[in-house]
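*Asks:* Fit chain B to the supplied structure of chain A, relying on the hints for placement.
Quick note, the sequences are listed as chains A and B, same order.
Using the numbering used here, the first residue of the first sequence is number 113, and each one after it goes up by one.
Using the numbering used here, the first residue of the second sequence is number 113, and each one after it goes up by one.
One or more hints might be untrue.
Since copy identity is lost for identical chains, a pair holds within one copy or between any two.
Unchecked claim - Restricting the straight-line Cα-Cα distance to at most 20 Å, the calculated cross-link-like pairs of lysine to aspartate or glutamate (EDC-like) are:
1. 371 x 119
2. 303 x 330
3. 118 x 177
4. 141 x 177
5. 271 x 241
6. 237 x 340
7. 234 x 330
8. 317 x 300
9. 141 x 201
10. 317 x 330
11. 141 x 241
12. 303 x 273
13. 368 x 300
14. 346 x 241
15. 118 x 340
16. 141 x 360
17. 317 x 241
18. 271 x 201
19. 371 x 340
20. 346 x 300
21. 184 x 330
22. 267 x 242
23. 118 x 201
24. 371 x 354
These are computed hints drawn from the structure, not numbers from a lab.
There are 2 protein chains.
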Amino acid sequence: MVKPLKDIVIIGAGNVATHIANTLKNNAKIIQVYSRHLNNAHQLAQQISSECQYTDNVNDLCVADLYLISIKDDAISEFLKTIPEQLRDSYWAHTSGSVPRDVFNGFNNKNGVIYPLQTFSKEVKVNVEEVAIFVEGNNTDVENQLIRYATLISKSVYKADSQLRQQLHVAAVFANNFSNYMYIIANDILKRNNLPFSVLSPLIKETTRKATSIPPLEAQTGPAVRGDLNVMNKHLSLLNTEESNIYDIVSQSILKRFKK
Amino acid sequence: MVKPLKDIVIIGAGNVATHIANTLKNNAKIIQVYSRHLNNAHQLAQQISSECQYTDNVNDLCVADLYLISIKDDAISEFLKTIPEQLRDSYWAHTSGSVPRDVFNGFNNKNGVIYPLQTFSKEVKVNVEEVAIFVEGNNTDVENQLIRYATLISKSVYKADSQLRQQLHVAAVFANNFSNYMYIIANDILKRNNLPFSVLSPLIKETTRKATSIPPLEAQTGPAVRGDLNVMNKHLSLLNTEESNIYDIVSQSILKRFKK
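Same shape as in the complex, but just chain A:
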């Protein structure tokens, strides 16, 4: 028999917790928010509903069907140790891309991971329903139940064990964190020349449009893929040490990759 989906407690009030809670509230009952910063817990609870409780004390946690943990990766293990025994019969899941499921070993018997593959900043609204979510449970029954919870958040739910989730996470670091850092460097160069970042907007939009419509290998352009060493050397002379180190290692890798 499939258990009903009932009350949920959100642990954490950061970027991920905020986005998930604000989507989940439409399809489930979030009864409480926990954060070690009471103010943050209060703020998020207010966004959820006027009845949603909040606390910064694990001993005041409500009894719930699912506890969803979105706190710092390296805080999860220590946090679990503080949870009262009587709450451990429920489902517990974290949302981290890099923390293995076995962080729950010895904690309880209904646990897993609900990992949304997305970048969340509090001030930018995200369409969470379209984010790919990867689920793992400590056994098939638990996994199926967590998948049901995940489908309350997004339409795109997949299974992924801890190993696969780590691979997804490192892929996401390249696709999001590192490409955004390339924008930061581009912005630095423009700033030095008194140009606004907005002159690059059409280029950045086109980069994405291409990458999501044709394979990225076919979308690659620029001096390195053409093997244009003259231009590459000229560019290196315009950059500071930090920038030119990155320019060099990425260009060499592109050169090697596209060598005819």
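*Replies:* Here is chain B on its own, set in the frame of chain A:
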């Protein structure tokens, strides 16, 4: 007196030439396409109009008001030497981000650069009217005339001398070429794990949406900006040498940048 804008000859039939010509044809008369590959010249001419001529022989070039050169950077200088004297009274401009205007020195007295800051692939349609175009002329009169030509291509036309254009070009390499290469690496990681690149689409779209709505410095997320060395080391162990070299140098730079 401002000269009328009349007949234009497009030199080149590659990605940039194709996109510019297909926009320019709506606002100006392109009378001929030159390419050293006659087939390519023919193909592009057909896209432009049924009257548009094509050739692979510089001695058959029509007399025109503007010759717009979109060929490989390192071919421009040699190409100019082959141009018959009687055609040099017209305006000549190239579209390269990295070739200085002085490539025309000694060639004629009405020359410059019309540089579109964009990535062009033949198979992907681009809204060229919104691309930022940077113009330089060998004197103010010429520059003003080239700006008039550029406004036939795009609504966003700016002046930029050769030095500034190079800075723009290297910024564009980071913003487009390198971020796309990050997508290529992400794709490699997914492929190794039998996952389609499409699972990253919402993440990539969000990366762009953020970068074009809040400053990229505020959009940065991920293990390096959090200073999470555990996750970074775990990621390094999942990558091949090439990938981990890039992961390491970019992460170290992010770490340094965001050090609290």
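*Asks:* Hint by hint, say whether it matches the structure.
*Replies:* Here's how the hints hold up against the structure:
Proximity of residue 371 and residue 119 under a CA criterion of 20 Å is satisfied in neither setting, with 57 Å inside one chain copy and 40 Å between copies. Taking CA atoms no more than 20 Å apart as the test, residue 303 paired with residue 330 passes between copies only; the shortest distance there is 16 Å, against 31 Å inside one copy. Taking the shortest alpha-carbon separations for residue 118 and residue 177, only the intra-copy value of 6 Å comes in at or below 20 Å, while the best inter-copy value is 74 Å. With identical chains, the CA atoms of residue 141 and residue 177 are at most 20 Å apart within one copy only, with a shortest distance of 10 Å there and 70 Å across copies.
For the homomeric pair residue 271 and residue 241, the shortest alpha-carbon distance inside one copy (17 Å) is at most 20 Å, but the shortest distance between copies (44 Å) is not. For the identical chains of this complex, residue 237 and residue 340 are neighbours neither inside a copy (41 Å) nor across copies (25 Å), given an alpha-carbon limit of 20 Å. In the homo-oligomer, the alpha carbons of residue 234 and residue 330 lie at most 20 Å apart only across protomers (11 Å), although the nearest pairing inside one protomer, at 34 Å, exceeds that limit. In this homomeric assembly, residue 317 and residue 300 come within 20 Å of each other (Cα to Cα) only inside a single copy, at 19 Å, whereas the closest approach across copies is 22 Å.
Taking the closest pair of Cα atoms, residue 141 and residue 201 come within 20 Å of each other only inside a single copy of the chain (19 Å); across copies the shortest separation is 76 Å, beyond that limit. In this assembly of identical chains, the alpha carbons of residue 317 and residue 330 lie at most 20 Å apart whether taken from the same copy (17 Å) or from different copies (18 Å). For a Cα distance limit of 20 Å, the shortest separation of residue 141 from residue 241 inside one copy, 17 Å, qualifies, whereas the shortest one across copies, 49 Å, does not. In this assembly of identical chains, the alpha carbons of residue 303 and residue 273 lie at most 20 Å apart only when taken from different copies (16 Å versus 44 Å within one copy).
Taking identical chains as interchangeable, the C-alpha atoms of residue 368 and residue 300 lie at most 20 Å apart only when they sit on different chains, with a minimum of 15 Å there against 27 Å within one chain. For the homomeric pair residue 346 and residue 241, neither the shortest alpha-carbon distance inside one copy (45 Å) nor that between copies (29 Å) is at most 20 Å. For the identical chains of this complex, residue 118 and residue 340 are neighbours neither inside a copy (61 Å) nor across copies (34 Å), given an alpha-carbon limit of 20 Å. In this homomeric assembly, residue 141 and residue 360 never come within 20 Å of each other (Cα to Cα): the closest approach is 52 Å inside a single copy and 42 Å across copies.
In this assembly of identical chains, the alpha carbons of residue 317 and residue 241 lie at most 20 Å apart only when taken from different copies (14 Å versus 22 Å within one copy). In the homo-oligomer, the alpha carbons of residue 271 and residue 201 never lie at most 20 Å apart, since the shortest distance is 23 Å inside one protomer and 67 Å across protomers. Only within a single protomer do residue 371 and residue 340 lie at most 20 Å apart by alpha-carbon distance; the minimum there is 12 Å, versus 35 Å between protomers. Taking the shortest Cα distances, residue 346 and residue 300 sit within 20 Å of each other inside one copy (18 Å), while across copies they are farther apart (30 Å).
When the C-alpha separation of residue 184 and residue 330 is checked against a cutoff of 20 Å, the pair qualifies only between copies, where the shortest distance is 19 Å, while the shortest distance within a copy is 37 Å. Taking the shortest alpha-carbon separations for residue 267 and residue 242, only the intra-copy value of 6 Å comes in at or below 20 Å, while the best inter-copy value is 34 Å. Proximity of residue 118 to residue 201 under the C-alpha cut-off of 20 Å is restricted to the intra-copy arrangement: shortest distance 14 Å within a copy versus 80 Å between copies. In this homomeric assembly, residue 371 and residue 354 come within 20 Å of each other (Cα to Cα) only across copies, at 15 Å, whereas the closest approach inside a single copy is 26 Å.
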